[in-house]
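Just need the whole structure built from these sequences, with the hints factored in.
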Amino acid sequence: MIAWIAGFAVLLVKIGLVLGVLLFLAAYLVWAERKLLGRLQIRYGPNRAGIFGLLQPIADAIKMMTKEDIVPEAADRTIFLLAPAVVAVTAMLMAAVVPFGPTITLWGRQVPMVVTDLNVGLLFVFAMSSLGVYGVALGGWASNSKFALLGGIRGAAQMISYELALGLSIVPVVMLAGSLSLVDIVDAQASYPFILVQPVAFVIFVVSAMAESKRIPFDLPEAENELGAGYHTEYSGMRFGMFFIGEYVHMQVLGALIAVFFLGGWRGPLLPGPLWLLIKIIVVALVMIWVRGTLPRLRYDQLMALGWKVLIPAALANIVITGAVVLL
Amino acid sequence: MPTLTIDNRRIEVPEGTKVIEAAEALGIMIPRFCYHRALGSVGACRVCAVKIVDGTRKGVQMSCMLDVEEGMVVSTDDPEAVAMRRHVIEWLMLHHPHDCPVCDEGGHCLLQDMTVSGGHGLRRYLGNKRTHLDQYLGPRIQHEMNRCIQCYRCVRYYREFSGYRDLGVTGIGNRVYFGREREGTLENPFSGNLIDICPTGVFTDKPARYFGRRWDLQRGPSVCIHCSLGCSVTVGARYREVARVEARYAKAVNGHFICDRGRWGFPYTNEASRPRAARVDGEATTVGEACAAARNRLLHVAETAGSEAVACLGSERAGLETLKAVAGICRANGWADPLFWLERRARENVAAAVSLLGDDLVLSLRELEAADCVLVFGADPLGEAPMAALALRQARRQGAPVFVFDPRPVELPLDFHHVPLAIEDLPECIRSLVGAAGDRETARGADPTVRSFTDQLAEPSVPPPPEAVAALRTSRRPAVVCGTDVTDAAAIGLAADFAALMKAQGRRAGLFYLMPGANGFGAALAGTEAASLEELLPRIEGGEIRALVAVEADPLGLYPDRGRIEAAMRKLDLLVVLDYLDTDSAAAADVFLPSTTVFETGGTWINQEGRIQIVRGAHRGGIPVSQTGGGGHPPRVFMEEVPGGQAAASGQTLTRLSPAEVKGASEWVRLPPDTDKQSGTRAVLPDPSALRFAPERTALSGAAGDEAMLTVIAVDRTFGTEVLSSRSPWLSAEETAPTVWMHPEEAGRVPLSDGDLLEIDAGGGSLVLPVKIVENMARRTLVIPRHRDAAWQRLGATRLRIERDCIRKAQPVGENAPVKESPPR
Amino acid sequence: MNLYSALFYLLSLVILASTALAITRRNLVHAVVYLVLSFFGSALLFYLLGAPLLAALEVIIYAGAIMILFLFIVMMLNVERLEERFFPARQWVPAAVLGLLLAVVGLLAVSTQPGGDRLLKTAVAAPSAFGSYVFQRHWLSVEIVSLLLLIALAGVLFLGRDNDKGVSEEDR
Amino acid sequence: MNPDERHYRKLKPVPPQRFRTISEIGEALNALGQGFVTTFRHLFRKPITEEYPEYKRTLPERSRARIVLTRDPDGNERCVACYLCSAACPVSCISMQSAEDDNGRRYARWFRINFGRCIYCGLCEEACPTSAIQLTPQFEHVKREILSMVYEKEDLLVDHSGKDKTYNFYRWAGIRTGDRDKGEHEREDKPVNVRSNMP
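Chains as they are written, first to last, in our numbering: chain L, 1 to 328; chain A, 1 to 825; chain R, 1 to 172; chain E, 1 to 199.
Hints in this document: simulated from the structure, not taken from any laboratory.
Don't take every hint at face value.
[As the list claims (entries may be wrong)] When the alpha-carbon atoms are kept at most 16 Å apart in a straight line, the in silico EDC-like pairs for lysine to aspartate or glutamate are as follows:
id, chain 1, residue 1, chain 2, residue 2
1, A, Lys129, E, Asp181
2, A, Lys129, E, Asp74
3, A, Lys206, E, Glu100
4, A, Lys503, A, Asp488
[To be verified] Restraint-style ranges between C-beta atoms, simulated for each label pair:
id, chain 1, residue 1, chain 2, residue 2, range
5, A, Arg616, E, Ile146, 31 to 41 Å
6, E, Gly104, A, Asn128, 17 to 27 Å
7, E, Val37, L, Ile282, 38 to 48 Å
8, E, Gln138, A, Asp7, 51 to 61 Å
9, A, Thr5, E, Gly104, 48 to 58 Å
10, E, Gln138, A, Phe638, 25 to 35 Å
11, A, Ile11, E, Ala65, 24 to 34 Å
12, R, Ser128, L, Ile282, 33 to 43 Å
Positions of the beta carbon are idealized from the N, C-alpha and C atoms, including for glycine.
Here it is, written out as C-alpha cells:
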C-alpha cells in the first residue's frame, strides 16, 4: 500500500513537473514569439512590461483573466464553453507519454522519467491529437458566427488531413524502433538519431506538425484577413486564452515529438537528459517562429494539395523504401 | 396607339404622348427642368434633348415637345444628344452662383443632380456672373433669383395651373426675372408648391430655412389632416422637430400639389406650449400615474353614479384608431354612447353624406378635375378644402362651367357662376335643378323610385339659373360638390339625389362631398350609434353625466355656446382630456394626458370620399432638441428616455384608462384585402341606393323668405379657422381678420358702412365684430368666420336664425374692438 | 468490489448514459458529442480490460475520424431547429421492443456462460503480436478488405471529379 | 469555330506541369532558402521602430488627426453648416444645427464632433466646400472620460485659417451678407435692373 502511495506521489510529482514546464514555457513561448517575430520584422516586440518585456506574459494573463467572458447570444452555450478546454486538455495529455530523461533510481526504486510509458504511446498521441480537432470544430460551430464556422470547418479538415501525413511519416521510425512506445523509440536512438536515416520522414513530420498546430504558413483556420480570427473569433477572456495555451502546448509537444522521433529525445552529451529535451523543444519552437516570420500563408487549395498530393504519397513511398531496406 | 423604340426597347403608348413620357414609362428618366407632368411642356430649358434616329423629324430634338409616332426610334444616350445636354447644363450653370453650401435646395436640387450627372463638375466659365436682386415674398417663401435657370415652371404653375396673377415674368434674354410687380406676400394659397416645383433653389421654404438637409430628415409618407381631402404629404423631421411638409404625389387625391394650409399647418406639433407631461389636478406627473388616477376616478364615478354617468368625446380630427378606441371603451364599460361631434347638425350632416355616398357616384379629387360641369352646393371650396378649389380650376381649364350655390362671398381662382342664395333656400334650389335639369323622360324610364321622386317634385318657387340648366343638358360628366358644414341634411340628400338622377340618365355623374375635419368620414363610420355633445348637454346639466373623457377634442374651446358649455363643465365631477394641443379643455382638465400627433404615431384617416389612408409616424417625437438645447448645443447627457417622449397615441392611452378590458383593439381598423397602403383605398360602404330619392325630400321647406329673420352662419376660411393650422405663425399673416360679411342691402338697413362694428345678440351672448360689406353674397345672411380671434362661440350654434333686431351698430371701445373670447395660444 | 470493478461500473454508467443521450438528442451536434463521449468511454473500458491497442484505435478511428466526418456533415447541414419532444409512438415502440429483445438475449447468453472471456484473448494482445496475427494468418482477407476500401476511394474520386477542369480554378 | 470560341481557347490555361525540370525545384528551394536567410539577417539589424513617448517625430502637415474648424482670412467662421461633412462622415460623428446670423450669413448654431467615434478618415475635410473643417496632425487627444471626447464648436474653433490661407467662401457665393450685397462679390456684375430693357 505504501509502495502504491509512493508511486502515486511520484506520478503526481511528474505530472506537476511536466504541466508546470509546459504551461510556463507556453507563456514564455508567446513572449519569445512576439519578441523574435518583432526582430525578424526589424521591430522591438514587447518591451514595456518589465525588462525586455519579460513580464508581458504575466500582464497578458492578468488581462485575460479579468476580461469579460462573453458568450454570444445565439451560441450553443454548453459546447461553446467546453470547446477551448478540449483543445487545451488534449494538447497537455499528449505530453504524458513523452519521456524526458533516462530511468532513475529513487530509494531503490526504478522511476521512469515519463508520466506513463504506454506500449501504444504513439497511438495515444495520435488519439489525443485527433480528439483535439473537436475543440476547433465545435468551438467554431457553437459560436454561431459565419467566420467561426468557416474557421472551424477549415480547421477540422486541415487537421484530419495532416494527421494522415503525420502518422504515415512516423511509420518508418516505428519500423526502425520496432515499438510504439516512445520510451523504446528514444532508446532505439542510443547510437544515432533517426534524422540521419530518415530525413524525408523528418521533413514530412515537421511540415505536418506545423499544419497540425495551425501555425503560419498553415494558419488557414484563423486567417485574420479572411475570417476575423477564425474558429475563436467569438471567444474572449480566458477562454480565448485556453485556445492559445492549447496552441502553444501543442507546439511544444510537437517539438518534443520531433525530438523523440528524430533527434534522439532526451539524449545528448554533457547536459542532463531533461535539459537536452528542453533545448530541442525550444530549438524546434524557434525554428517554427522563424518559419512564421518568413513564409506567407498558403491558399486553401494549395494546403490541401500539399497534404494529399505531396506529403502523403511521399510518406507512403518512404514507408515502402524503408520497409525494403529493413527487410534487406 | 403608336409603337416606338427608345434605347432599343419597344413601347406602345397612347396617341399624343410626348417622347419624354414614353421614356419615363420605360423607366428611362430623360433629364428635364421645364417639363412637369402636371404642367406639360414648353421646351424652355432644352435639357431633355434626345436623338431621333428614325421618324419624320430626325436629329436632336426636345423630347418634351415631340409627340410619339409609329415606328419612331429614339436614342437617349446618343453622343450627340449627350453632348447637347452637357452643353445645356453648362450654359445654365454659367451664371449660377457658387452657393450650394448655403442653399436650402442643396441635397434635393434637380439642377445639382443634373449638373453632377451631366459631367459638368467643374466650371470653365471664369467671367463675371449676372446677378439679380431678390424680393421679399412673405414669411413662407424665400426668393433667391441668382439661382434661376429660366425654366418657367414657377409662372406656369402660378398663373396657369393655380390661377393667381401676382407672380410673373419680366425681362428678356439672360435677364429674365421671375417675381412680383413689387415686393409683398404671395397671394396664392397654393404658393408653397413653388418650392417643390422649382428645379433649383429660387423658391425655398422660409420657415424651414437653414434647418437641415433633406438627407438628414426623418422622412415619411403622411397624410394632411387639415381638411377632409386627406392630401398625401411627405413629412420631414429632425431633432424631434417636424421641419417641413412637402407634397407627395398621389394619383387619385391631390396629384402633385398641396395647399399652404397643409404645407405650413404643422407647427402645432413643435410648439413650446404643447403639453408634454401628464397632469392630475394641475400637478405634472407621469403618464402612468395620471392613467391610474384617471382610471380610479372614472371607476369611482361609475360606482357612485352608475356607469351611464361617464361619457367619452372624440373628434373628427382624431385618427380612426382613436375613434374606435373611444367607441370601444364606451361599449366595454357600459358608458354613455360615444360622442364624436359637438353639434347635432354636424353629426346628422356627415352621417347623411356618408350613408348616401356610394361607389357608383363617389368622385376622387382627380376625377373631379375631369368633370365637364360642376355644381357646388353650400360649399366654399377654398375655405373648407382648398385643394378642391384647385381641382375645380383644372376642370374649368378643361372647359367645364362651374356653378356655386352658396350664401357666402365665395372666391375661387377661376371664373365661375356664383348664385348667392340664403342657405335655407339651398334645398329648394337643388330641387328646382333636379326638376329642370336633364330630361325627365329618360329618368322616368329608369327606375320607379326615380320616377316617383321626380313626379312628386313640387313646382319650384324659384326657377333654376338658366345657364346651369343649359350647361347640365349638354354635360356628359357632371359633378355635384356639396358641403356638409353650413348645409343641412335635406340639401345633402338632394345633392346625392341629383347626382344619382343624372347617373340614371346615363351620364357619368359624380358626387363629391366636403366634410368637416380630417376624419369626419371615419367618425361617422366608427360610431354609428354615436350622439353629439349638444344632445348630451342636458344630461350633463341635469347632473346625470358626471364625468367626461375628451379625446383630442376641445368642447370648451369649440362648442358654439361658450357660456353654456362652461357651466356644464363646471357641473362635472371629472374631466379627463387626452390631447396634443394646449386647448381650453386641456387647461380645465382634472386629469390631462398628453398624446401624439399624426407625425409621431400616425394612424388611419378616411377622407371625404371614403378613402382609407394609413399613416405611419415619421419620427418618434418628444420635446424638440432646439427647445431642450436652448439655442446653444443640445445637452450632452445621453439618456434612454426621450424628454417629453412619454406620450402615446390617444387610442393606446385610452385603453389604459379603461377600468374594463377593451377587447378587439386590433380589429378596430379592418381594411379591404387589396388595400394599397400608400395611396389608400376606398372603404367598402353599404349600398346607399335604398336611401336615395327619399320622398320626404321632395317637399318644399319654405323656411326662408321671412324678412324679419336673419341667418348667421359660422364658416371656415382658408387660414385661421381650422384648429391645427390656425396655430401656425407663418399662416397667421395670411388670415383675413375676423369680420362679419354682410350684403350691402342688409347693411343699409341697420345702417352700417364697411368697417363699422356690428353687435350681434345671439343665443350664447353678444359679440362685436367689424363689418365687411360684399356684394356677392346672399341677403338676410351674416357670415362669421370661426376665427380663433372672433368670439363666434357666443353665437350658440354654428348656424342659427336670429331676429333682425338682434343686430345693431356698436361703438368702438378703445383700440381692441373685436372681443377675444378664447385665451391666446 | 475493487478499484477496477468500481472504475468499470463507473465507465459503463458513463457509456450507457452518453449513448442514451446521443440517441435522444434532437440537436445533431449534441448527439455527435455524446456519441464521441460514449466512444471515449468504450476506449477507456478497453484499456481497463488490458487492450490499449484497441483503445487507441477506437479513439483514433471512431472518435477521431468517423465522428469528425459526421460532425462535418452535420455542421454544414442547416437542420431546422426541432423542439425537444418525444418521438412518435410508431418510431419508438418497435425500437423499444427490439431493444428489449436484445437485452433478454444478451442476458441469457451471459447467464448460460458466465465465463465467456475467450474473445478478449486476442484483444489484449500487444501491438506487434496483433499485427503479426492479422497480417500473417489473415493476410488475404485483410488485402481483400483494403482493396474494397481502395475501390471506394477510387469511386469517390471519380464522383467528385471536377468536370470542367482547367477553367474555374485560378491556378493550375 | 467562331471568334468568341477562339478567344476563349486562347484564354485557357496551359495544362499543369508540376515538375517541369529539376532546375525549377532547385530554384524553388533556393528562393525558400533566400527567404529564410533574409529574415535571419533581419534578426541582427537595428529595429527601425521609433519609440513613441520617448521620441516624438513631427508629423507631415497633412496627417489626419484632431479636427478643427478654421476661420477665413477676415477672421470670421468659415463653417456655413452645410451638413456635407456630417453626410460624408462614415461613422456619423458630426452633428450640427445651421442657422442664419444677423448679417445673413449661414453658420453653425452648434457643431459637435464625437471624437470617441471619429475614425480620422478625412472625408469631412474632403467634403467641406469652404475649407472650414480641417484635420491637423495633433493626434494626442486621448481622454479618460468618454463624454469629454465630445467636442463642441467652441472646442473646435481655432483662430487661424489652417492649411488653406486664402479662401473666403462668402466672397464668392453671391449670397447677400452683412458687408456685401448682390453684385458686390468677386467676379459679379451689378444686379440686373428689371425695370429696364437695356442690356
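Here is what the structure says about each hint:
Note on Lys129(A) and Asp181(E): the hinted pairing holds, with a Cα-Cα distance of about 14 Å set against a maximum of 16 Å. About 24 Å separates the Cα atoms of Lys129(A) and Asp74(E), which puts this hinted pair outside 16 Å; it is violated. About 11 Å separates the Cα atoms of Lys206(A) and Glu100(E), which keeps this hinted pair within 16 Å; it holds. Note on Lys503(A) and Asp488(A): the hinted pairing is violated, with a Cα-Cα distance of about 23 Å set against a maximum of 16 Å.
In this structure, Arg616(A) and Ile146(E) meet the distance hint of 31 to 41 Å, their C-beta atoms being roughly 35 Å apart. Checked against the hint of 17 to 27 Å, the C-beta distance between Gly104(E) and Asn128(A) comes to roughly 22 Å, which is consistent with it. For the hinted restraint 38 to 48 Å between Val37(E) and Ile282(L), the CB-CB distance of approximately 22 Å leaves it violated. Gln138(E) and Asp7(A) have their C-beta atoms about 54 Å apart, which keeps the hinted 51 to 61 Å range intact.
The given range of 48 to 58 Å is respected by Thr5(A) and Gly104(E), whose C-beta atoms sit roughly 52 Å from each other. For Gln138(E) and Phe638(A), the hinted distance range of 25 to 35 Å is satisfied, since their beta carbons lie about 26 Å from each other. One distance hint, 24 to 34 Å for the beta-carbon pair Ile11(A) and Ala65(E), is violated here, with the actual separation near 56 Å. At roughly 34 Å, the beta-carbon separation of Ser128(R) and Ile282(L) lies within the given 33 to 43 Å, and the hint holds.
The structure does not agree with the numbered hints 2, 4, 7 and 11 stated previously, though it agrees with the rest.
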